[in-house]
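Numbering-wise, full-length UniProt numbering puts 214 at position 214 of the sequence shown, and it's gapless, one number per residue.
Because the hints were derived from the structure by calculation, they are not lab data.
Any given hint could turn out to be false.
Simulated crosslink set (SDA-like; lysine to any residue; CA at most 25 Å straight-line) [what the hints assert, rightly or not]: (1) K137 x G735; (2) K531 x Y485; (3) K531 x D415; (4) K395 x Q370; (5) K395 x L538.
The calculated label-pair distances, taken between Cβ atoms and stated as ranges, are [as the list claims (entries may be wrong)]: (6) E75 x Q609: 19 to 29 Å; (7) A579 x D209: 30 to 40 Å; (8) V396 x F831: 50 to 60 Å.
Every value quoted in this text rests on a predicted model; they were computed, and no experiment measured them.
Cβ atoms here follow ideal geometry from the backbone N, Cα and C, with glycine treated the same way.
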Amino acid sequence: MIPTALMLLALAPTAGTEIQSPQQEEATTVLPDIEVTATKRGVALGGQEPIVSYDSTQIQAFGATNIGELVTLLEAQTRSARGGSPVFLVNGRRISGFREIRGVPPEAIERFEVLPEETALSYGYSANQRVVNIILKAQFRSLTASVNVSRSDQGGRTTTASENNILNIAGADRWSLDINGSSSNALYESERNIDRSGTAQLDSVGDTDLNAYRTLQPRTAEASVAGTYKHDLNDQVGMTLSGSLEDSSSRSYLGLPGVSLSLPEGNPWSPDGAAVDLYRYIGLPDALQRQTNTRAAELGTVFDGYLGEWRWTATGEYSRTETDTTTGRGVDEDALQAAIDAGDTTLNPYEDLSGAAVTAARDTANSVSQSLEGEVVLNGTAWELPAGGVTTTFKVGGEHQSLDSESLRSGVATDRSQSRDLGSLQANFDLPISSVDRGVLPKIGDLSANMNLAYQELSDFGGVSALGGGLNWSPVARLSLSANYSDEDKAPTIQQLNDPTISTPNTAVFDYSTGQTVQVTQITGGDPNLKAENRRILKLGVNWQPLSATDLRLNLAYTRTEAEDEISSFPAITPDLEAALPERFTRADDGTLTSIDARPLNFASREQQDVQWGFNFSKPFGKANPALAGQRPGGPGGAGGPPPGGAMRMGGGPGGPGGPGGPGGGRLRGSTAPSMQPGQGMFNFSLTHTWRVQDEVVIRDGLAPLDLLDGDSISGSGGQSRHEVQVQTGMFKNGFGAFVNANWKSGTTVEGDTAGSANLDFSDRTTINLFAFADLTQRTAWVERFPFLKGARIGLGVQNIFDDRISVTSSDGATPVNYQRDYLDPQGRVFRINLRKILY
Numbered sequence: 001m002i003p004t005a006l007m008l009l010a011l012a013p014t015a016g017t018e019i020q021s022p023q024q025e026e027a028t029t030v031l032p033d034i035e036v037t038a039t040k041r042g043v044a045l046g047g048q049e050p051i052v053s054y055d056s057t058q059i060q061a062f063g064a065t066n067i068g069e070l071v072t073l074l075e076a077q078t079r080s081a082r083g084g085s086p087v088f089l090v091n092g093r094r095i096s097g098f099r100e101i102r103g104v105p106p107e108a109i110e111r112f113e114v115l116p117e118e119t120a121l122s123y124g125y126s127a128n129q130r131v132v133n134i135i136l137k138a139q140f141r142s143l144t145a146s147v148n149v150s151r152s153d154q155g156g157r158t159t160t161a162s163e164n165n166i167l168n169i170a171g172a173d174r175w176s177l178d179i180n181g182s183s184s185n186a187l188y189e190s191e192r193n194i195d196r197s198g199t200a201q202l203d204s205v206g207d208t209d210l211n212a213y214r215t216l217q218p219r220t221a222e223a224s225v226a227g228t229y230k231h232d233l234n235d236q237v238g239m240t241l242s243g244s245l246e247d248s249s250s251r252s253y254l255g256l257p258g259v260s261l262s263l264p265e266g267n268p269w270s271p272d273g274a275a276v277d278l279y280r281y282i283g284l285p286d287a288l289q290r291q292t293n294t295r296a297a298e299l300g301t302v303f304d305g306y307l308g309e310w311r312w313t314a315t316g317e318y319s320r321t322e323t324d325t326t327t328g329r330g331v332d333e334d335a336l337q338a339a340i341d342a343g344d345t346t347l348n349p350y351e352d353l354s355g356a357a358v359t360a361a362r363d364t365a366n367s368v369s370q371s372l373e374g375e376v377v378l379n380g381t382a383w384e385l386p387a388g389g390v391t392t393t394f395k396v397g398g399e400h401q402s403l404d405s406e407s408l409r410s411g412v413a414t415d416r417s418q419s420r421d422l423g424s425l426q427a428n429f430d431l432p433i434s435s436v437d438r439g440v441l442p443k444i445g446d447l448s449a450n451m452n453l454a455y456q457e458l459s460d461f462g463g464v465s466a467l468g469g470g471l472n473w474s475p476v477a478r479l480s481l482s483a484n485y486s487d488e489d490k491a492p493t494i495q496q497l498n499d500p501t502i503s504t505p506n507t508a509v510f511d512y513s514t515g516q517t518v519q520v521t522q523i524t525g526g527d528p529n530l531k532a533e534n535r536r537i538l539k540l541g542v543n544w545q546p547l548s549a550t551d552l553r554l555n556l557a558y559t560r561t562e563a564e565d566e567i568s569s570f571p572a573i574t575p576d577l578e579a580a581l582p583e584r585f586t587r588a589d590d591g592t593l594t595s596i597d598a599r600p601l602n603f604a605s606r607e608q609q610d611v612q613w614g615f616n617f618s619k620p621f622g623k624a625n626p627a628l629a630g631q632r633p634g635g636p637g638g639a640g641g642p643p644p645g646g647a648m649r650m651g652g653g654p655g656g657p658g659g660p661g662g663p664g665g666g667r668l669r670g671s672t673a674p675s676m677q678p679g680q681g682m683f684n685f686s687l688t689h690t691w692r693v694q695d696e697v698v699i700r701d702g703l704a705p706l707d708l709l710d711g712d713s714i715s716g717s718g719g720q721s722r723h724e725v726q727v728q729t730g731m732f733k734n735g736f737g738a739f740v741n742a743n744w745k746s747g748t749t750v751e752g753d754t755a756g757s758a759n760l761d762f763s764d765r766t767t768i769n770l771f772a773f774a775d776l777t778q779r780t781a782w783v784e785r786f787p788f789l790k791g792a793r794i795g796l797g798v799q800n801i802f803d804d805r806i807s808v809t810s811s812d813g814a815t816p817v818n819y820q821r822d823y824l825d826p827q828g829r830v831f832r833i834n835l836r837k838i839l840y
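The task is simple: from the sequences and hints, build the whole structure.
Dropping the structure here:
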């Protein structure tokens, strides 16, 4: 991909390319939701206060290469306690998919806001997803090429990635192109300190290094291209088209195939002519190789405009994903034994058998998943009340899904074909009760209520519904309180029902019943017998800025979730679980575990309670220099930041700028916190603490609940940590910056619960990541001497600085094979270098 990046650089505009001035910008024809107000551009619908808001200068402190990486760094803020992935908006509007913005450079962002889950309802999404609203600069042009190389300090694995983006924003029009590629070599167990003596049967002859033929991490390669084109068809209708193609592959090795052979009495190779049984590994690593190839294509479109005062959005999406998996099943043991029984004197079982062994037929699996969906969302003010307009959102949608799969396992072919037609309706109502600005019950503050309902009809499953409501109250400036409740049904996905069945041999698992690590065949795929789950969620939230002139924002959320028939991946292997689901386990006559059916299942019920609190703080530092006004935060050269005197602002519309969110452009009502001025630096700090109060699961009706916070587990990585803390801090000034991300999880214990069964203790873990960077454009003397440095940035990073990894100890003081530190985290400390070039 690097030659591609160089070619793109050659075609890029020079740093002196003329960018449209603010005066020219004001003459641009745009949709009618644009207002000439410097504080209202891109405000999201719904009137919710942002949980956190970053401006263009604060974003620079993260040192992200593109929006995709920035979102990863801000995962703690964008993650919902309700479990949903975030919804993304651009300038307060729906987009056709994250591919639209994944490769956009952070320099193009004017403001980055994270809003509560209730905002998602105003856009036709469910209330279990936070909303990320990215406001792009009104005028921006760039070509960005980035190369990233990372390698573990223990060696063995190197990952190289190239990411290239062309972006042009001209008022209401925008287009971009991303061309990316990455590759990683395989990491083998022999390159780490993996001790399998507790599970491997000793080879009768020689010292075969079994670890040399088993991968901890597969060899991978990926290439993708994505493009977006946004244009206003006229002064009433806007259009966005986007698409992507991706091809990825991975190759892993599952070890050497083994055979059990019996030499009859009198066999010439039998010691002393006596009958003997032996176990041999055969030097054919390809016989247990797994190859997976995936090809994915997506095409999306968005049309939006106005019907009178009502804003409408129509979206369409087509996606197709094809996956091929081939898994080796070792060698034909029966053929070798038959040759021995037939008295073949040329077959010496104590010598190399790779020439005599016949590779067994491989398992294959192919799946093709396709979906075609469309939605229409209508948002506007139904009627006016003294405290404001009753804003409503209606959504109607339809989708066709299909999943065709075929598998060949142990010579038995299985074909499945399943399709699903889905129709959906959703409505959301926001009812203002009191308003300070309008003088309606001003002593109460700003108070509003919301109600939402949704229904889905699935052709293969029947109907599922959702109902919710809540209150939002701002009793005083800079303080926002919320209470929300939802009751929703969720059908299993077509993949959970119909994924092809895949068997993985030589999978190491810890058997709590015996306290030993064993090699089993693990079966994965879909389960056609899954039922719909029901989830009831209560959330109470607080968002508070204590001091108007200080950018310190505190947030607190309490969430209680009750689920019935929760759909889950197969949990960890414990005696309690085996007692509840005996049909999922296969044991030999001597009690040795040989196979696990790890397809998804329904839990009878689950109850969770957690409290999440944190704060975000930012502060400019250093002396302001007005002479630097007009320069980009990332370097000189024009039209990056908001022009003085106000710029054309998009994205308001009904319920937008006039809502309780106020005109603060992402700040809480009443905030006067200062922004970074030219010549100053910016410091960011955020902390998020999650305290899990309750997490209990009932596997089947009539069984005692499993307490995941106190000795039980439904995960192969231990129980549920009661506490988790995430800290992020960054600093940026004059082109130099550093960003630190730290995460701590408390330790857990998993108890065997029966006499003779083993307990496992999982230690706590602290990971600290550091990334420091230098924007060489800021070094004026260097650029004058070496012009090619203009727009260049170099970054150095370390992931898991202190190489802290979970330590797992069994009751007898030993560490099971599949819980060794190099098995759980083969990479450990990883060094990273990033070279980035951006041309404006």
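Exercise for review: Identify every previously stated hint that the structure contradicts and give their numbers, smallest first.
Suggested key: Hints that this structure does not satisfy do not exist here, as all of them hold.
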